[in-house]
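Given chain A, put chain B in place with the hints provided.
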Amino acid sequence: MEQLSGGDMLTRALHDEGVDLIFGYPGGAVLHIYDAIFKQDKIEHILVRHEQAATHAADGYARATGKPGVVLVTSGPGATNAVTGIATAYMDSIPMVILSGQVESRLIGTDGFQETDMVGISRPIVKHSFMVEDPADIPMIVKKAFHIATTGRPGPVVIDIPKDVTDPKIKRPYEYPKDIKMRSYTVPGKGHSGQIKKAVEALLGAKRPMIYAGGGVIQGEGAELLTKLTQKLGYPITNTLMGLGAYPASDPQFLGMLGMHGTYEANMAMHYCDVLLGIGVRFDDRVTNSDTSKFCPDATILHVDIDPASISKTVAADVPIVGSVTAVLEEMLDCLEQSQQAIDAEALKTWWQQIAKWREKDSLGVTPHTNGIIKPQQVVQAVHRITKGDAYISTDVGQHQMFAAQYYGFDKPRRWINSGGLGTMGFGFPAAMGVQLAFPEAISVCITGEGSFQMNLQEFATCMQYNLPVKIICLNNQSLGMVRQWQDMQYGGRYSHSTYAESLPDFVKLAEAYGHVGIRIENLGELDAKLEQAFALKDKLVFVDVMVDPEEHVYPMAIKGGAMKDMILSKTERT
Amino acid sequence: MRRIISLLMENEPGALSRVVGLFSQRSYNIDSLTVAPTEDNSLSRLTVMTSGDERKIEQITKHLNKLIDVVKLVDLSESAHIERELMLIKVKAVGAQRAEVQRLADIFRGQIVDITATALSIQVTGTSDKLDAFIAAQAENTVLEVARTGVCGISRGDKVLTL
Numbered sequence: 001m002e003q004l005s006g007g008d009m010l011t012r013a014l015h016d017e018g019v020d021l022i023f024g025y026p027g028g029a030v031l032h033i034y035d036a037i038f039k040q041d042k043i044e045h046i047l048v049r050h051e052q053a054a055t056h057a058a059d060g061y062a063r064a065t066g067k068p069g070v071v072l073v074t075s076g077p078g079a080t081n082a083v084t085g086i087a088t089a090y091m092d093s094i095p096m097v098i099l100s101g102q103v104e105s106r107l108i109g110t111d112g113f114q115e116t117d118m119v120g121i122s123r124p125i126v127k128h129s130f131m132v133e134d135p136a137d138i139p140m141i142v143k144k145a146f147h148i149a150t151t152g153r154p155g156p157v158v159i160d161i162p163k164d165v166t167d168p169k170i171k172r173p174y175e176y177p178k179d180i181k182m183r184s185y186t187v188p189g190k191g192h193s194g195q196i197k198k199a200v201e202a203l204l205g206a207k208r209p210m211i212y213a214g215g216g217v218i219q220g221e222g223a224e225l226l227t228k229l230t231q232k233l234g235y236p237i238t239n240t241l242m243g244l245g246a247y248p249a250s251d252p253q254f255l256g257m258l259g260m261h262g263t264y265e266a267n268m269a270m271h272y273c274d275v276l277l278g279i280g281v282r283f284d285d286r287v288t289n290s291d292t293s294k295f296c297p298d299a300t301i302l303h304v305d306i307d308p309a310s311i312s313k314t315v316a317a318d319v320p321i322v323g324s325v326t327a328v329l330e331e332m333l334d335c336l337e338q339s340q341q342a343i344d345a346e347a348l349k350t351w352w353q354q355i356a357k358w359r360e361k362d363s364l365g366v367t368p369h370t371n372g373i374i375k376p377q378q379v380v381q382a383v384h385r386i387t388k389g390d391a392y393i394s395t396d397v398g399q400h401q402m403f404a405a406q407y408y409g410f411d412k413p414r415r416w417i418n419s420g421g422l423g424t425m426g427f428g429f430p431a432a433m434g435v436q437l438a439f440p441e442a443i444s445v446c447i448t449g450e451g452s453f454q455m456n457l458q459e460f461a462t463c464m465q466y467n468l469p470v471k472i473i474c475l476n477n478q479s480l481g482m483v484r485q486w487q488d489m490q491y492g493g494r495y496s497h498s499t500y501a502e503s504l505p506d507f508v509k510l511a512e513a514y515g516h517v518g519i520r521i522e523n524l525g526e527l528d529a530k531l532e533q534a535f536a537l538k539d540k541l542v543f544v545d546v547m548v549d550p551e552e553h554v555y556p557m558a559i560k561g562g563a564m565k566d567m568i569l570s571k572t573e574r575t
Numbered sequence: 576m577r578r579i580i581s582l583l584m585e586n587e588p589g590a591l592s593r594v595v596g597l598f599s600q601r602s603y604n605i606d607s608l609t610v611a612p613t614e615d616n617s618l619s620r621l622t623v624m625t626s627g628d629e630r631k632i633e634q635i636t637k638h639l640n641k642l643i644d645v646v647k648l649v650d651l652s653e654s655a656h657i658e659r660e661l662m663l664i665k666v667k668a669v670g671a672q673r674a675e676v677q678r679l680a681d682i683f684r685g686q687i688v689d690i691t692a693t694a695l696s697i698q699v700t701g702t703s704d705k706l707d708a709f710i711a712a713q714a715e716n717t718v719l720e721v722a723r724t725g726v727c728g729i730s731r732g733d734k735v736l737t738l
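Going down the list, the sequences are from chains A and B. The first sequence: position 414 = 414 (my numbering), numbered continuously. Adding 575 to a residue's 1-based position in the second sequence gives its number in my numbering.
Keep in mind the hints are simulated off the structure, nothing from the lab. Please note that the accuracy of each hint is not assured.
Quick look at which bits of chain A chain B covers, simulated, 3 or more residues with Cβ under 8 Å [unchecked claim]: (1) 181–192; (2) 304–313.
Computed list of lysine to aspartate or glutamate pairs in EDC-like fashion (alpha-carbon distance at most 16 Å, straight line) [said to hold, decoys possible]: (3) B:705 with B:681; (4) A:181 with B:585; (5) A:565 with A:344; (6) B:665 with B:689; (7) A:361 with A:566; (8) A:144 with B:585; (9) A:190 with A:307; (10) A:571 with A:551; (11) A:42 with A:20; (12) A:375 with A:528; (13) A:42 with A:16; (14) A:313 with B:585; (15) B:641 with A:307; (16) A:39 with A:20; (17) B:637 with A:307; (18) A:190 with A:334; (19) A:313 with B:628; (20) A:67 with A:221; (21) A:232 with A:344; (22) A:232 with A:201; (23) A:313 with B:681.
If you want the ones that stay clear, here's a sample from chain A, every Cβ over 12 Å from chain B, calculated [as the list claims (entries may be wrong)]: (24) 26; (25) 144; (26) 152; (27) 175; (28) 318; (29) 353; (30) 422; (31) 491; (32) 553; (33) 565; (34) 573.
Here a beta-carbon is modelled for each residue, glycine too, at the ideal position from N, C-alpha and C.
The following block holds chain A by itself, in its conformation from the complex (with noise of 0.2 Å):
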């Protein structure tokens, strides 16, 4: 058998997972992989430049991709910068592998130097991770990690690697394993078909159905299925935020966004449903609002999901699938064939005749300023108008977020990049980054806002390194947008440490400083105009800088403690 130091394992482990693009920061623990990464030409390596960047770069890829991200930091601090990537990917249950450096062996527990309990900070936000003790053992790790960071319910895996196992003096014997068998851990497959024709009959026999499909749809590539169901059964549809795109958004079947920034007519739709298909969903608090116990009062919950513990966590199940969405979704499609059952056409009439009652209520409805005020949700329209509906769009967080959820309108899923469990600020950019170095011909864009964008501008530097022609659309308000909204909602307008407008940096010039083009919009009249300058700018990374009105509060909202149907609509409207 070949015989190899445990460096050169690492990245011949990597290239049989097939992995061909990694992100990482190099740093003295990992010196030796750094070396053997130098010796060979199968895996690129994107310097970035801080190592949370190389978390949500990997992360940006394993969302637009659906294959798992892989990370590589340094001990001490190169692995706690990493921590918030991991913590990010670990809560919207993203696959990724991450690979720390660690002291060595001998040194571990002494406070090193650099050295840090890397298993131990991270056990927390990771599916699991291992410790590496001796090289030999390096392909089983990582297939193991791989295997556990993509199959059911995915998840980061972290892989501690003290300094002496890849010593390139020590070799040993290499062969990557073709499968491995864990008997502590078992992927959920097909569903209970009892439980799924009990499913199929409750939806069929429904006179207010509602489906409620989140980000698990997207993970298990149930999209087609999920639609094809849809249409079916002819029943409105809405998507989590983290489930954008798993159904197409301009369908008229598709009620919009529910939750928090939800439309006002998948909120209601959802509180008044007799009949609810929640899946690849987890009833999270931004969804349900606080308190469930005024959750779809009158519905029979089916629910589906490939972690067994999602199910009947915060909102009890009527009828609980533990099965992969795309299995569960073919049985019921399955069941729905034989099954002699009829719709209630009547009912179900009757029930869109209710939605689109609720929609006349147009709750994404802009009222533009007549003064040449922009307003932040016209920036996202224009960008969607000009992007044909078909760019990648990866968000920060705040209220540029929720307005780019709500109005760029995502027809396909893993389109739609964001942070959705953590609420990272600082995700956008580096997401953007590993979307077009997965995909070097689509349109990846940054939806951000000046706060979260300042929390990891130094990537700038390595989109000029490795040529990335992101687009950053800054909704520029001056503050700390969905802070400051609160504050005007429920603190009287103490705008405490979240308005900074006088310190702002002029980020034109800081794109310049970087090499890259700068864009400044400040009147809604060149609006258009110049997004399409900067779009048609197809080679080189644009920094768009727009003004929008600051005044501006992301509506409809959930009222705190109410039920879904529960909103403020606007600064003057309540339900």
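Frame of chain A, contents of chain B only:
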């Protein structure tokens, strides 16, 4: 409600911290915890006594099952089971008190395992209730030290927790 969950997990470094971490991370209670290798050296058996309503216990067992190192799990309190805890207790005993402590130990089927001029150390096994009762039965201000193992248990009958 009081529950006893027993599980088999990989006898590997870090496995225990994952279990304990899960409890603190999701704010579940640990009333007692005991862990040791089994007849199969690659496996450890961990028994945790916890409390919570039906829904909480369901979540605890689901999350424990999700841990990669956990191989198999049983909620012992779901059916008939035997549970035991061992306690070593050191009590102050001089003069007439010595005979009294000995009598108490006999009643609770305890064994005196160490003796000095002023103190007796007694080993008592049984359910947690029994050990509580033994402590309560001691004369006021005589208990010097208590060391308890925490609960372990097995199911009654043919049911076994094994691979």
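Holds or violated: is the Cβ of residue 491 of chain A farther than 12 Å from all Cβ atoms of chain B? With a cut-off of 12 Å, residue 491 of chain A remains clear of chain B, as the shortest Cβ separation is near 28 Å.
Verify this for me: three or more residues of the segment 181–192 of chain A with a beta carbon less than 8 Å from a beta carbon of chain B. With 4 residues in contact (Cβ-Cβ under 8 Å with chain B), the coverage given for the segment 181–192 of chain A holds.
Between residue 42 of chain A and residue 20 of chain A, does the CA-CA distance stay at or below 16 Å? Holds: residue 42 of chain A and residue 20 of chain A sit about 7 Å apart, inside 16 Å.
Do the alpha carbons of residue 361 of chain A and residue 566 of chain A lie within 16 Å of each other, as the hint requires? Given that 16 Å is the threshold and the Cα spacing comes to 14 Å, the pair holds.
Given the hint that residue 375 of chain A pairs with residue 528 of chain A, test it: the Cα-Cα distance must not exceed 16 Å. Given that 16 Å is the threshold and the Cα spacing comes to 13 Å, the pair holds.
At 12 Å, judged by beta carbons, does residue 318 of chain A keep clear of chain B as stated? holds, 14 Å
Are the Cα atoms of residue 313 of chain A and residue 681 of chain B separated by 16 Å or less? The hint is violated at about 48 Å.
Does residue 144 of chain A sit more than 12 Å from chain B, CB to CB? violated, 9 Å
For residue 705 of chain B and residue 681 of chain B, compute the direct alpha-carbon distance and say whether it is at most 16 Å. holds, 13 Å
Given the hint that residue 232 of chain A pairs with residue 201 of chain A, does the C-alpha gap stay at or below 16 Å? It holds: about 15 Å lies between the C-alpha atoms, which stays within 16 Å.
Do the alpha carbons of residue 67 of chain A and residue 221 of chain A lie within 16 Å of each other, as the hint requires? Holds - the C-alpha atoms of residue 221 of chain A and residue 67 of chain A are around 12 Å apart, at most 16 Å.
Restraint status (C-alpha distance of residue 313 of chain A to residue 628 of chain B at most 16 Å): holds, 13 Å
Consistency with the previously given hints fails for numbers 5, 14, 23, 25 and 26, ordered from lowest to highest.
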